[in-house]
Structures are given as structure tokens and as C-alpha cells.
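Engineer: Using the hints, put the two chains back together into the complex; each one sits in its own frame.
Chains as they are written, first to last, in full-length UniProt numbering: chain H, 1 to 200; chain X, 1 to 227.
Hints should not be assumed to be uniformly reliable.
With beta-carbon atoms standing in for the labels, derived distance ranges [stated by the list, open to error]:
(1) Leu176/H / Gln218/X: 24 to 34 Å
(2) Glu149/H / Ala129/X: 51 to 61 Å
(3) Phe221/X / Ser16/H: 45 to 55 Å
None of these hints come from the bench; they were simulated from the model.
Using N, Cα and C, we set each Cβ at its ideal position, and we do this for glycine too.
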Amino acid sequence: MSKGELAGEQGPTAGSPAAELASLLRAVGRGEESALATLYDLTSPRVFGLALRIVRDRGIAEEVVQEVYIQVWRQAAGFDPARGSALAWLLTLTHRRAVDRVRSEQSQTDRLHRYELLERGQHHSSAEEEGQARIDAAALRAALDMIGEPHRTAVALAYLEGLTHREVADHESIPLGTAKTRIRDGLSKLRDRMRGGDQR
Amino acid sequence: MTEDELHDLAPLYVVDALDADEVVTFEDHLRGCTSCADTVAELSEALVPLSEGLEVAPPPQLRQRVLAQAATSATVTPAHRTRRRAPVWLAAAAAAVVAAGGAWAAVQWLDESPTEQVVQAEDAQRHSAPTDGGQLVVVTSAARDRAVITLPEVVESPEREQVYQAWFIGEDGSARSAGVLSQDALEGREALLTGSPRGAKAVALTVEPAGGSTQPTQDPFAVVPLG
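If we strip away everything but chain X, and leave its shape as in the complex, we get (with noise of 0.2 Å):
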């Protein structure tokens, strides 16, 4: 697809009428494209008095629903956090936050978090592994490409200098980095993996000097089987 041709699904994309593939290639071209991002944020607003007229009052029990699961979620996002759940891995991975905090802000009208995209999409499937701390989970989907790690309630701190770091491993027993898990990541519990999880028939988690490997150092400490 051309440049042009790129600029050119920005509306679509603002009423989600792109189809799934589009969505994909155009969030790609969009996380790069200042252009994109004004003119998604500009639709964006004149949408909006097409809802003008259209409230209706939800039942009262949904705000109890709603306010009862949001006293039992986690923020995700790194600013600021008052009183969410104290971080029960250590902060050892902290230098990974900055590439994850920086693209939301700059890609506000992105989609729902990639994250979200990945653990919603309708081919989603899960996987996972006990470990001491509880379930580790691994949402994978095909038609986004990408792969969703969940970590326990409960998992053992990094050394200092040290961070977790998640690999794609291959049928042949090859290593391939899915990312060092961010400071967001723990405690947020969840992280989008780097890179397609495409012929990975494991995820596995390794203990790597701070900013991560290109290769694991050491034996996986958790491993979540693919299919």
C-alpha cells in the first residue's frame, strides 16, 4: 500500500470501517504518522455529535457492576498511581517503560490498547502454566499477530540490574526475544509480547541482565506451552 493510500483509511478507520487486516496496517502506518494522528483526533471530535440525542439512561445495577470491577482492577498505566496494588516484582525493569509510556501519548486514538486487541480478539486462545505464584497466561491471536503474557498474583522480585525478559521458542528449540516485561508490565500483570508468535510452540520467561539479551543467558524460570 502507498503512502497515500495509507493517509486515505484514516476516516475509515475513525468509524471502524476498516476490516480486520486494514485495522492492523493502518495502526502500524498510524504509530509513525503525526499527519494520521491529527486527522484521526480531528474526525474523532466531529463524530461526535452524531451521538448527540441518542442518550438513554442504563439500569442502575450496571453502575454498581461497573464500579465493583474497577475496585477489583489494576490501572495499567504508569503515572501517578496513589493506591493500586503495590508492585510485588521488583522495579528492576524500569528502563523498558519509557518506549510503552511514550506510544500511548502519542497514539491517544489508537484503537484500544494493543493489549486489549490482542486479549479480545475473537481468535484469542489461551495458554497456560502453574507456577508458585498462581497462572501465567499467554493470550495469543492470529489475526492480530501477537501475543498477550498475564503474570501471577504473585511472582519472585528481580535481582537488582537484572529484568525478566520473554522469549518465543521455536519447534526447533530456538530462542527469539519477545521483550523485556516493562515496570508497567509488572505491575500492571500484563504486557504485549514483541514480535508474531507466529510458529512459537512456547513462550518461556528467563532472568537477563538489565536491558535485556539477544539470546537467554540462562534457563527459562517459566515456560507456557503453545497449542
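Excised from the complex, chain H in its bound form (with noise of 0.2 Å):
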């Protein structure tokens, strides 16, 4: 049972794509340009389409993305890689800009109303978005279905629309602390997965 060692505990192993990131970061950290171009098109189409997942509005998701990358521009020299990997800190970055926007500009009732709609495929009021949701089913999905019910609706609703741990337990009516312990729980069950990735 000596499982539990992470991948990335000991960094990034060399020549591979997170020690890429990672070195790219470095680089960043000192002020180079071309390497903030670079990482922009490694990473940027992820970085797009987390923001978009949650905002639901290109411009608001560009903006996101913009914010993104000049902080990592301005902050990248204090990224430690043995603390994380490179693309965990940028979808971390990603998704607090992305929930605070989310939060600033619809109400909690729009984004309820909009994961119903999501959970029941009747979201589509245009081909992108139809395109968009094709894509959550399927990948997504996969990686939610296996932390397993009432787990994933917990963790998606938190992570995806953006809600907090109150709102979540509003939406599934359910008390405060069982929304707590379910998206605890969810992440305990994703990491635990991490952990055991070899099985996959």
C-alpha cells in the first residue's frame, strides 16, 4: 500500500509536459516575453474553456483569460514548482477570476436556472453552444461520474456554476453541512483517484 505517492510529488519529471510548464513559468518569472507567448499557446485553449464553461459568455471569458495571463505575468517568479503543477496554479487562477465574475454579474437564481436547463440538454441557443455542451457531456462528465452520486452534483455545482457551499445546499435542499461534506468528500474521492492514476 504504497500507493499514495503522487506523480508530481517529487516535480515534474524532465522532458515531460508539466516540467515544460513549469520551466516555461521560470522563464516568465524572469521577465521573458517569448516564454509567456509560449505557455499563452500551450495552455490557453484550457484556460478559454474553463472560464467559458463557467462565465457562458466569450467576452466575458476572454476578459478572464486576459486577467490570467498578465497575472501569471506579474506573479510567475513566485510559482514554486514543488509546491504544484504549473497548470493546477493556472486553472486555480482561472477559476477564482472566473467565479468572481460569475458572481459579480448573474444572479444565483440565472445560474440555477441555467445548470437545470444544462442537466436536461435544452441549453442550446446556438450551434457554439451546442458544440459547448456536446463536449461537457462527454469528457467532463467521465471525469464527475467517478466521484459518484450525491457527490458529483455537489462538486459540479461548486466548480462549474460557480456556487457556494450555501447555495448549494439551497439548490439540492439539503443542510448547510451535508453540502460541505459532499463537495469535501467529491474532492477526497477525485484526489484518491489521482492518487491511483496507474489503474486507470
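Structural biologist: Following this line, the structure appears as C-alpha cells:
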């Protein structure tokens, strides 16, 4: 039972994509603009995709992307690869900014309503959104489904819809403590899955 | 909130499911809790698969906008600066840098820097005063209970063995130290002030001996009225 060791725990393997991103971030931290450009090329579809999934508005998602890379530019010298992967850091920054935008610009009711439409597959006001929804349905659900209910919904509402734990509790008509526990247990399952990633 | 209750906030923090005031509470705890720092790092990593398959190519013009903005923004971290704007202010406040840099390393998973949080806060208020070198700006956020100072483009350097120190000035004229401006702040032109802006009617800058003073020893050379 020595599976507890994370692949990334000793830092990324040299030559791996994770090592490449980490080394790019170090170069960005030294003020190298070409490194920022390369980092952007390698990661912006992921950053834009996550932002778009949360804010559901291309204009706002673009603003989030711009803010994220400027923040990376300004703060990359503080990044320590021993404390986590470059991609996780980027996505963390992205998620926070996207959620901030969602909370400031859309009412809770709108977000909940949208989530329900998405769950029923009825939120297709354009071909683009339809394509987006199909992507959500496939890859994303694979990652989410391994969490299992009732944790899956709690994690999805929080991570992908930007709900607070209080809003998750309201939406699911469950006590606040239960909502917290479901999110916490859902994340634990994801983490355990990652630790045992070689079994996938 | 008990220690256990604080630890329990970590997973909610990672998915940004905490209310704004809880974020402030948890981050205060996180700065001093290695166990929570580990949890936050691990869970942030575990969330990475949730955005797999969501990739969408951003419009090509966005790349240009990002790179153009980067070309005109100073980096704010102190390490290995090679080609950023030469410091206009003298490196007299170097002693204060250590604390700021150390905090970053320990709390990489903290939210965007506390400075960004204040500037980006929904209730952020911008106050400014003209100086010879340009606008001196203070941004306050009641929700974050903090203030950020942004220095003008060009400022006179402090003398050797001297530093610039910021002060919150109360209604009654009393001064409360808001911290010595670090080398980082001088180069990045931006700093999170120490302590709460609550009750302050102005932010003032004075020249003080290296290490700073507990009360101002000179008249301020710049004052930004708040509100």
C-alpha cells in the first residue's frame, strides 16, 4: 500500500509536458516575453475553455483569460514547482477569476436555472453552445462520474457553476453541513483517484 | 471558528465555494497552517481533470492583446529581474523585502495576491492625489478591509539609510503605521498596506530611518485623502 506517492510529488519528470510548463513559468518569472507567448499557446485553450464553461459568455471569458495571463506575467517569479504543477496553478487562477465574474454579474437564480437546463440538455441557443454542451457531456462527465452521487452534483454545482456552499445547500435542499461534506468527500475521491492514477 | 472548522474550509476554498468573508478568514488561517497549505495544493491538483476536454481555442486577437499588455506591465515579484523597468526609487528599503517574498513561497495556492484582491474587489474605491511624479493612488476595499498604494511613475529616491513609510491618518490626526514600502513595492510601484484602512481619513507617506518608525518623525511628503 505505498500508492500514496503522487506522481508530481518529487517535481515533474524532466522533458514531460508538466516540466515544460514549469520551466516556461520560470522563464516568464525572469521577464521573458517569448516564454509568456509559448505558455499562452500551450495552455490558453484550456484556460479559455474552463472560463467559458463557468461564465458562459465569450466576451467575459476572454477578459478572464487576459487577466489570468497578466497575473501570471506579474507573479510567475513567485511560482514554486515543488508546491504544485503549473497547470493546476493556472487553472486555480482561472477558476477564481471566472467565479468572481459569475458572482458579480449573474444572479444566483440565473445560474441555478442554467444548470438545470444544461442537465436536461435544453440550453442550446446557438450552434456553438450546442457544441460546447456536447463536449461537457462527454469528457467532463467522465471525470465527474467517477466521483459518484450525491457528491458529483455538489462538486459540479460548486466547481462548474460557481455556486457557494450555501447555494449548493439551497439548491439541493440539504443542510449546509451536508453540502460541505458532499463537496469535501467528492474532492477526496478525486484526489484518491489521482493518487491511484496508474490504475485508470 | 475553531481550528477544526477552519481546516474544514480548505476543500471549499479550493473550489471557490466560500463566501467573501469566509475567504478572508480562511486565508488568514492558511498563511500559518502547513497542513491546510498541503490540502489546498493536493486538491487543486486533483481538480485538474475536471477541465479536461473543455478546451476551446480563444480568438487570435486575444493573444495579441495579452502580449501587448504584458509588454507594458511591470512584473511585481522580486526574483531574477532582468529587463523590467529600472527602479526609479533607490533600493533603500531592501530590508523589508524578505517578509513579502517569503509569504509568497509559502502560500502559492493562496488566492491571487492580496494586492490583486483589494484592487479587484467589488467595493474597491480609488483615491488619488497629484505629486510631482504623477498620481499617487490608494485603492481601499471595506470588504477586504485592506488598502493598496500605487506609486507614481517617477518618484524621488529616499536617501541612504532611509525608507518611505505609509501611515493611516485618523479623523483626529493620529497616525497608524501602514508599513514601510519594500523594495518590491518600489520597483513594482504597488504595495498592500499593513493593517485596516477603517476609520482612516487619509494615507500619508513620510521619510523615516531604515526599518521604519512607530510614529512619523517628519511631515508627510505626500497625502492621499480617503473618501
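Engineer: Decide, hint by hint, whether the structure agrees.
Structural biologist: Hints, one by one, checked against the model:
1. Between Leu176/H and Gln218/X the beta carbons are some 52 Å apart, a value that contradicts the proposed interval 24 to 34 Å.
2. A hinted range of 51 to 61 Å holds for the C-beta pair Glu149/H and Ala129/X, which are about 57 Å apart.
3. Taken as a hint, the range 45 to 55 Å holds for the pair Phe221/X and Ser16/H, whose Cβ atoms sit roughly 52 Å apart.
When the structure is compared with the earlier hints, a violation turns up for hint 1 alone.
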